[in-house]
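Engineer: Residues per chain are reported as follows:
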Amino acid sequence: MNLNYLEIYNFRQFLGTQRIEFSNDPEKKVTIVIGESSAGKTTIIQIFKWIFYGKCNYKIIMNETQKSEMESGDTARVECKVNFIFNKIEYNIKRSQVFNKFSTKINAADSVLVVDVIVDGISKQLTGREAMNRVREIIHEDLFPYFFLEGESLNKVGKEMASGKSGNNSQFAQAVKGLLGFNYLSNTTKDLKTISKEYEREIEKNTTNTQQQQLMTKVIEEKESIEKYEERLKTIKKESEYNFEKSQEMSEKIVKFADAEEKELKSRALANELNRITSDLMEERKTLFSDFSTKGYMYLMNSLLNDADDAFSDEKEIDKGIPGINAKAIKFLLANGECLCGKKLTKDCPEWGKLEKLIEILPPKSIGYDIKAFKGLSFSMKDNGEKYYENYKKSRKRLGQLKNDYKNKKNELDIINEAITGLDEVSEYKKLALLYKKKYADLLNESGTIKERIAMAENLIEASNKELDKYSISNVKVAKLTKFKLYCDHIYGGLVSYCDNEENLKKKELKNEINIIFDKFYNEKISIDLDEDYNIQIITNDNECSEDFSSGGQEVVIALAFIGAIIKLNGKIKSSKDTKNEIIEAEFINEIYPLIMDAPTSNFGMRQMKSFCQVMPEVTNQIIVFINDKDGPVLEDNMMGIIGKKWTIKKLDSYHAKIEEGN
Amino acid sequence: MKMINDEKSEVNEVLDDVVKEIVRKVLREEKRNYNSKEIPTREMASRVRIIIEEQVK
Amino acid sequence: MISKQEKNIFLDDYTFYGNQKDMVVALTSVIDKDSQSKIFKINIDLFMCSAIVGCFYNKKAKPCKGGKGTKILSGQFTNHSDELDFILRLVLITGDKDKLEKSDRLNRAFRHKDEKENYDLFELYMLGGLEIIYNNFFNSNSIYYDQFLINLNNFMEKFKNEKDVNDDAKINEIISSADFF
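Protein chains in written order, with this note's numbering: chain H, 1 to 663; chain Y, 1001 to 1057; chain X, 2001 to 2181.
Pulled out of the complex, with its shape left as it was, chain H reads as follows (with noise of 0.2 Å):
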């Protein structure tokens, strides 16, 4: 499919005829299209959309001005109109809407639809419901998002395929079935399936022969039994995934508290430790003063003291007394009233006064030793008072420790206590895991007990089957169902090993050139497994690179590279030697799609970028990119060789559009 031209004529901001034409240069296949954000670049894929299928994300499609103006009686129109070949045949495809206004209301009438097909220069029209069926035939409805890739859509399939939550039922796997061709293959066996179930049942009813018709009851039942069994297995399988999913995500959230735990232990220990920091820094606080209460006084007499020694340099002076003489002696003598040189001692005398004198300082009343007491007591005062001044020391020493302990403790506590939150919940999260894991056993056990009861049906089946063949056919009637159920069957079980195979070989085909295009993103360090639902599994095979994948963008490089596996597939003309094949091979078209991006690379890193700008020209025949006004000169650059057409949208106002060639 080539598309060569878009045209627009007032579908909501391109007002007017507006056309975008795609470059179908085979050298030159890309054509850019950059607008700023909200100018009108999606609005043109949905204008696709709306052209094929009458549907798009908008609920007005009028432009707003033109909607505005309106008056009662006015009529207005939009029109759209894609011009491509497909299978060497060209197409103009135009979708048109009318829209009038009476009083305040504005009707829209039903879009109409045209196809005009031209071969060798005649065209044939179609409308109606063969104009839909053509669309459809040429691309249906559920591959549109697959080649028209909407920003978000991309993210979303790319995510899709990563999760591997695709399934065998999801959009998605009907998607690639139907890329592949096999989605009308799918319905025909489904098809097969029931008119045999029913040719079965009608061969049931006109056998005569109650044996017979018992064993084909029988048959019928069991059959019956294994479909219900095997929905029961599906069930059971999305339920066990689901309890799976959910005990590995209570156990994670377990974990993360288990820490949480240990945490808590310490911080109650941090706690503890704190309050004793704290009682030995108020005790030590204390000390501190009563300390220098009781003894601190002998510390500030230091001073003093020496002064005192200063002081007691003079003793000797103040101590002169007569040795061997004490104050005793001399009372006597004063009392006899003659001196020791036998001079007569009278009150009025002068040697009387002397002599009392003597008695204040001869012995008992001399200081020497109170002085020597004194001095003794002094240097004890001394000694004890250079102590305290070191225990004062250690102990504001020990004050500063422990206010720093106090300090560093409460640091860890705090940080400690940040992180725990919430640990009453642990207990609910093991409860938890642990009525998941009951579930998921107790679903697995019943998986196998249902997959052995499948066997058993299968066996009864069969051996039913065996003895129905020693019977012969009773009647006409019986006869021809009997034939036609063969055929049926014939074609059914062909069909289905047909489709089998083919599945298995395109999804091989498939795998390959997913890992193609992955090895131009990524150098071989990352491949991708399709198991049997089409869920992808990445295999990383470098511990770096992993980090560089899921670091964002990987998403749409997914998407980008089986959509353009499935499209290079859908290329491929086979060749085939069975003869059945041919017959279906015939019906399948070889047509190689074009890939509409809007802004694929949004959440790429240079590196993706530029491998972006090698790999996609590989995949198809041609590109059209939707891009804002940052990334696109980057683009530009990239792929500067193969850009044959540049368009612009400029944003006029927010309600005005216009698409202009080049810059």
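Treat each hint with caution, since some may be false.
As the list claims (entries may be wrong) - Below, simulated DMTMM-like cross-link-like pairs (lysine to aspartate or glutamate); rule was C-alpha separation at most 25 Å, straight line:
#1 H:LYS477 to Y:GLU1054
#2 Y:LYS1031 to H:GLU591
#3 H:LYS124 to Y:GLU1038
#4 X:LYS2033 to H:GLU283
#5 X:LYS2097 to H:ASP307
#6 H:LYS205 to Y:GLU1029
#7 H:LYS485 to Y:GLU1029
#8 H:LYS295 to X:ASP2085
#9 X:LYS2102 to H:ASP309
#10 H:LYS477 to Y:GLU1038
#11 H:LYS223 to H:ASP25
Unchecked claim - Sample of chain X residues lacking proximity to chain H, with all beta carbon distances greater than 12 Å (derived):
#12 ASP2034
#13 MET2048
#14 ALA2109
As the list claims (entries may be wrong) - Output of the computed footprint for chain H on chain Y, the stretches with three or more beta carbons under 8 Å from beta carbons of chain H:
#15 1017-1029
#16 1046-1052
These aren't lab readings, by the way, just hints derived from the structure by calculation. Where a beta carbon is used, it is the ideal one built from N, C-alpha and C, also for glycine.
Put chains Y and X on the given structure of chain H with help from the hints.
Structural biologist: Below, chains Y and X without anything else, positioned relative to chain H:
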């Protein structure tokens, strides 16, 4: 009165031509319907059955 | 003869009045709720310390009179009689350095210790010292324990013997220049 097994072997002989025809017709119908979505599944199955019975006659 | 009983302030209860009472109360009250620290545990401790401080700074103050007072009970004096005697002697030996000769100071300290004048002198120095101590600890910053500690440290620094300081300096010099490490 034919045995079912006989019936089976007879079918095997004629298989290729008739089967080809059936497959061709059925697949065309199915594909058409897949694109147009006109016909509900129930009815589709009946159509396929009719094709088979027409061809097998 | 002088009567030993006369006005020996170490024998009876002693009462602080007015300003001085307030200062005593402040210095013996709790300064830090958390630790229940007090600068001085009991009044007698403050009494002894004040006398030394007053003598060191040679500051005297007359006793305030009147109003409610705060006491030191005689029992406390008895408990600390040895220290009090020593401090009294020390004050008598070192006080009034500029007015009295060494011999006079020694005499009054050892021969005539119990004279009223001596006890009066002691009281004057004690009340002077009280004021100095109070002003040192209670200034505008004194709210938290840490500030009181700083004030204490500053106070102690002033009493550090010059000789000690020089010794410390010398020791530090040796430590830093010698090859111990």
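Engineer: Assess, step by step, whether the Cα of H:LYS485 is no farther than 25 Å from the Cα of Y:GLU1029, and give holds or violated.
Structural biologist: holds, 20 Å
Engineer: Counting residues of the stretch 1046-1052 of chain Y with a beta carbon closer than 8 Å to any beta carbon of chain H, are there 3 or more?
Structural biologist: holds (count 3)
Engineer: If we take the beta carbon of X:ALA2109, is the closest beta carbon in chain H still more than 12 Å away?
Structural biologist: violated, 8 Å
Engineer: Assess, step by step, whether the Cα of X:LYS2102 is no farther than 25 Å from the Cα of H:ASP309, and give holds or violated.
Structural biologist: holds, 11 Å
Engineer: Report holds if the minimum CB distance from X:ASP2034 to chain H is greater than 12 Å, and violated otherwise.
Structural biologist: violated, 6 Å
Engineer: Can the restraint linking Y:LYS1031 and H:GLU591 be considered satisfied, given a maximum Cα separation of 25 Å?
Structural biologist: holds, 17 Å
Engineer: Check whether the Cα positions of H:LYS223 and H:ASP25 lie no farther apart than 25 Å.
Structural biologist: violated, 58 Å
Engineer: Next pair to validate is H:LYS477 with Y:GLU1054; report whether the Cα-Cα distance is within 25 Å.
Structural biologist: OK: H:LYS477 and Y:GLU1054 at ~15 Å, within 25 Å.
Engineer: Just to be careful, I want the Cα atoms of H:LYS205 and Y:GLU1029 compared with a cutoff of 25 Å; is the pair within it?
Structural biologist: violated, 30 Å
Engineer: Can you take a look at whether the stretch 1017-1029 of chain Y is actually covered by chain H? Rule is 3+ residues, C-beta closer than 8 Å.
Structural biologist: holds (count 9)
Engineer: Below or equal to 25 Å on CA atoms is what counts here, so check X:LYS2033 against H:GLU283.
Structural biologist: holds, 12 Å
Engineer: Measure nothing beyond the straight line between the CA atoms of H:LYS295 and X:ASP2085; if it is 25 Å or shorter, mark the hint as holding.
Structural biologist: holds, 16 Å
Hints 6, 10, 11, 12, 13, 14 from the earlier list are contradicted by this structure; the remaining hints agree with it.
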